[in-house]
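2 protein chains.
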Amino acid sequence: MKVIVDAMGGDNAPGAIIEGCVLGLKDHPDMHITLTGSEEVIRAELAGYDHDASRINVVNTTEVIDMAEPAVEAIRKKKDSSMVVGLNLLKQGEGSVFITAGSTGAAISGATLIVRRLKNVKRPALAPMLPTRTGRALLIDCGANAEVRASFLAQFALMGSIYMEKVEGIKNPRVGLVNNGTEAEKGTDLTKQAYKLIEKMPVNFCGNAEGRDIVSGEFDVIVTDGFTGNVILKHTEGLAGTLMHMLKKELKSSLRTKIGAALAMPAFKNFKKSMDYTEYGGALLLGVNGGVVKAHGSSNAKAIRSTLRQAAEFIGGDVVGMIKKEISRISLDD
Amino acid sequence: MKVIVDAMGGDNAPGAIIEGCVLGLKDHPDMHITLTGSEEVIRAELAGYDHDASRINVVNTTEVIDMAEPAVEAIRKKKDSSMVVGLNLLKQGEGSVFITAGSTGAAISGATLIVRRLKNVKRPALAPMLPTRTGRALLIDCGANAEVRASFLAQFALMGSIYMEKVEGIKNPRVGLVNNGTEAEKGTDLTKQAYKLIEKMPVNFCGNAEGRDIVSGEFDVIVTDGFTGNVILKHTEGLAGTLMHMLKKELKSSLRTKIGAALAMPAFKNFKKSMDYTEYGGALLLGVNGGVVKAHGSSNAKAIRSTLRQAAEFIGGDVVGMIKKEISRISLDD
Numbered sequence: 037m038k039v040i041v042d043a044m045g046g047d048n049a050p051g052a053i054i055e056g057c058v059l060g061l062k063d064h065p066d067m068h069i070t071l072t073g074s075e076e077v078i079r080a081e082l083a084g085y086d087h088d089a090s091r092i093n094v095v096n097t098t099e100v101i102d103m104a105e106p107a108v109e110a111i112r113k114k115k116d117s118s119m120v121v122g123l124n125l126l127k128q129g130e131g132s133v134f135i136t137a138g139s140t141g142a143a144i145s146g147a148t149l150i151v152r153r154l155k156n157v158k159r160p161a162l163a164p165m166l167p168t169r170t171g172r173a174l175l176i177d178c179g180a181n182a183e184v185r186a187s188f189l190a191q192f193a194l195m196g197s198i199y200m201e202k203v204e205g206i207k208n209p210r211v212g213l214v215n216n217g218t219e220a221e222k223g224t225d226l227t228k229q230a231y232k233l234i235e236k237m238p239v240n241f242c243g244n245a246e247g248r249d250i251v252s253g254e255f256d257v258i259v260t261d262g263f264t265g266n267v268i269l270k271h272t273e274g275l276a277g278t279l280m281h282m283l284k285k286e287l288k289s290s291l292r293t294k295i296g297a298a299l300a301m302p303a304f305k306n307f308k309k310s311m312d313y314t315e316y317g318g319a320l321l322l323g324v325n326g327g328v329v330k331a332h333g334s335s336n337a338k339a340i341r342s343t344l345r346q347a348a349e350f351i352g353g354d355v356v357g358m359i360k361k362e363i364s365r366i367s368l369d370d
Numbered sequence: 037m038k039v040i041v042d043a044m045g046g047d048n049a050p051g052a053i054i055e056g057c058v059l060g061l062k063d064h065p066d067m068h069i070t071l072t073g074s075e076e077v078i079r080a081e082l083a084g085y086d087h088d089a090s091r092i093n094v095v096n097t098t099e100v101i102d103m104a105e106p107a108v109e110a111i112r113k114k115k116d117s118s119m120v121v122g123l124n125l126l127k128q129g130e131g132s133v134f135i136t137a138g139s140t141g142a143a144i145s146g147a148t149l150i151v152r153r154l155k156n157v158k159r160p161a162l163a164p165m166l167p168t169r170t171g172r173a174l175l176i177d178c179g180a181n182a183e184v185r186a187s188f189l190a191q192f193a194l195m196g197s198i199y200m201e202k203v204e205g206i207k208n209p210r211v212g213l214v215n216n217g218t219e220a221e222k223g224t225d226l227t228k229q230a231y232k233l234i235e236k237m238p239v240n241f242c243g244n245a246e247g248r249d250i251v252s253g254e255f256d257v258i259v260t261d262g263f264t265g266n267v268i269l270k271h272t273e274g275l276a277g278t279l280m281h282m283l284k285k286e287l288k289s290s291l292r293t294k295i296g297a298a299l300a301m302p303a304f305k306n307f308k309k310s311m312d313y314t315e316y317g318g319a320l321l322l323g324v325n326g327g328v329v330k331a332h333g334s335s336n337a338k339a340i341r342s343t344l345r346q347a348a349e350f351i352g353g354d355v356v357g358m359i360k361k362e363i364s365r366i367s368l369d370d
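Chains as they are written, first to last, in my numbering: chain A, 37 to 370; chain B, 37 to 370.
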């Protein structure tokens, strides 16, 4: 299987990206990686690792898209950036998945402009994993579409279900629609209409998910618009950070609690691990004609390694082929 | 000051409600409470407590609105319910604040139908407190208006600011608009338009609040529509519960971590206290012609006591008068 990786995107590029790729190649003996970026820099980094050079290809690029650049403009202007060249390689079939830890906006715009939507997909959606009480749930969309129609949400439910089944191995994933109440008639015009459409989709729709159900473990696929999803995703990160900050402060408040915290350290470490995004892989942009994975901007080598594992499952499960096939079966007009 | 309390609303009514009122009367020597509900039941409960009977008044009612009843219908039909009678007493000036731990929907509908909006207020909004890294923030709206116009959000910013200044004693409260990015041009048509309107309001507008900023302590007033606010509020509760569940599981995993957790117990208790809604009081419905407080459905006596403290501040700060005065100064048309 062939994967393309943007060597220049993210806070820790290119070092962590390249280290992660070397680890990934060891995990997956049938994987081949094409790195896009400054060949000189990449070769110098690679020289530091024991690796099978025949399984790594470098495509030299001369530009990098910054996190802060306006996305569409950056994609249009920086034709020789590691992101644009990588997406073009994906389009040309030089790999099945493109991974970047660079700008989320540029990755979404670039995927839409270069790789293109799959036929009959109304809008691609960005889908990260959230930790839940019992495992993980896929949040779809978390920011590709701030404003949506009900039919988009219905398609998100289908694409998210296919992903959870094929990549995470969840049989018959339980789909929930984010709403401000559990009853079918609750919510905005949008959610009421989406409820009816999702009921008709070939997914295991389990009804509305209130805020309190998002990480309860009752749902495997959490469907929402990109505005609400973005708020949920970032609030999850922010609240987890705030709670840990508050708890740490209390634990440091006396000698007794300090000793207690030191003894309990293995538990805190395991807890932290279960919350650790570097174990989860990146967020998939579902609905485009290829695999596009947005890894966390602060990805370290371990996170890139997890993302490569995710890419391998994505390719093995033929998620793109499945979406293409299933999405055409149901015509949605609104 | 005179407060009206629904003795029959909430999971722990009437016992916890009445116990909380007895405690509140001791905290506030100038407070008088009117309880609505079954006089027989209330008198029997009151008999168990040492209290100044001259400062408690009981208005007998024969009906109770259930949590699950359709709100508007319940308000219209159950004329002799503890909720409807309490709201009518508020309207008639028999008290300045009405507190209920009963159905949120019924409290909102009842307040709007019976107590009525203040002149020039476009929509009342429900505003609970969230714990933050450094203190508390007011979330407005959390569910009274699933669909809003930009002008509603601008008024929420003003009403929330007045509340935080008068009740919580925060000078020049920092207002943030929930959005999927920090830049002014980010978001939906609604948030872009609201951004421009809030800039014109007499509030300390500090720009967009991304999900990660909601509990960071950077904002005192978090402005959003009732749909997003409801998801944020319930996700906050759900995520905090899930994280604590995961941490507890890890702490129980070995003898060492169990001993550590036992030693660290005072820290966990203090942490829990800082997250404890019973310390915070209830959610205010701002924008109606009187104080309407929705206490948590599972309120215990301590929560009711906190809510009475909040009511006293609300009355002392003349929040209703301030909103009435300030809201008329800026005309918003959209």
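In short, the hints are calculated from the structure, not lab data.
Careful, some of the hints might be misleading.
Identical chains blur together in the list; that is why a pair holds if it fits in one copy or across any two.
[Claimed, not checked] DSS-like cross-link-like pairs, simulated, lysine-lysine; straight-line CA separation at most 30 Å: (1) 284 - 127; (2) 222 - 115; (3) 305 - 222; (4) 222 - 158; (5) 305 - 361; (6) 308 - 155; (7) 294 - 155; (8) 361 - 309; (9) 284 - 228; (10) 284 - 360; (11) 284 - 294; (12) 309 - 236; (13) 338 - 236; (14) 155 - 222; (15) 113 - 222; (16) 360 - 305; (17) 127 - 309; (18) 207 - 284; (19) 361 - 158; (20) 115 - 232; (21) 308 - 228; (22) 62 - 288; (23) 207 - 285; (24) 113 - 228; (25) 113 - 305; (26) 115 - 38; (27) 115 - 285; (28) 309 - 222.
From the Cα coordinates, with 30 Å as the cut-off, is the pair residue 113 and residue 228 best called within, between, both, or neither?
-> For residue 113 and residue 228, the Cα distance is within 30 Å only across copies (27 Å; inside one copy 41 Å).
At most 30 Å between C-alpha atoms: does residue 207 with residue 284 qualify within a copy, between copies, both, or neither?
-> Cα proximity of residue 207 and residue 284: across copies only (29 Å, versus 39 Å in one copy).
Is it within, between, both or neither when you check residue 309 against residue 222 at 30 Å Cα-Cα?
-> Neither: 37 Å inside a chain and 33 Å across chains, both beyond 30 Å.
Checking residue 284 and residue 228: alpha-carbon separation at most 30 Å within a copy, between copies, both or neither?
-> neither (42 Å within a copy, 38 Å between copies)
Have a look at residue 294 and residue 155 and pick one of within, between, both or neither, based on CA distance no larger than 30 Å.
-> For residue 294 and residue 155, the Cα distance exceeds 30 Å both inside one copy (58 Å) and across copies (55 Å).
Within, between, both or neither, where residue 115 and residue 285 count as close if Cα-Cα is 30 Å or less = neither (48 Å within a copy, 50 Å between copies)
Between the shortest in-copy and the shortest cross-copy C-alpha distance, which are at most 30 Å for residue 284 and residue 127: within, between, both, or neither?
-> Neither: 47 Å inside a chain and 47 Å across chains, both beyond 30 Å.
Status of residue 158 relative to residue 222 across identical chains (alpha carbons, at most 30 Å) = both (25 Å within a copy, 22 Å between copies)
When no copy is specified for residue 127 and residue 309, does a C-alpha distance of 30 Å or less occur within a copy, between copies, both, or neither?
-> Neither. Shortest intra-copy (35 Å) and inter-copy (54 Å) distances fail the 30 Å Cα cut-off.
State whether the alpha carbon distance between residue 284 and residue 294 is at most 30 Å within one copy, between copies, both, or neither.
-> both (10 Å within a copy, 18 Å between copies)
How do residue 115 and residue 38 come out at 30 Å by Cα distance, when the copy is not named: within, between, both, or neither?
-> within (22 Å within a copy, 70 Å between copies)
Status of residue 305 relative to residue 360 across identical chains (alpha carbons, at most 30 Å) = Neither, since 41 Å and 52 Å both go past 30 Å.
Of the numbered hints listed earlier, those contradicted by the structure are 1, 3, 5, 6, 7, 8, 9, 10, 12, 13, 16, 17, 20, 21, 22, 25, 27, 28.
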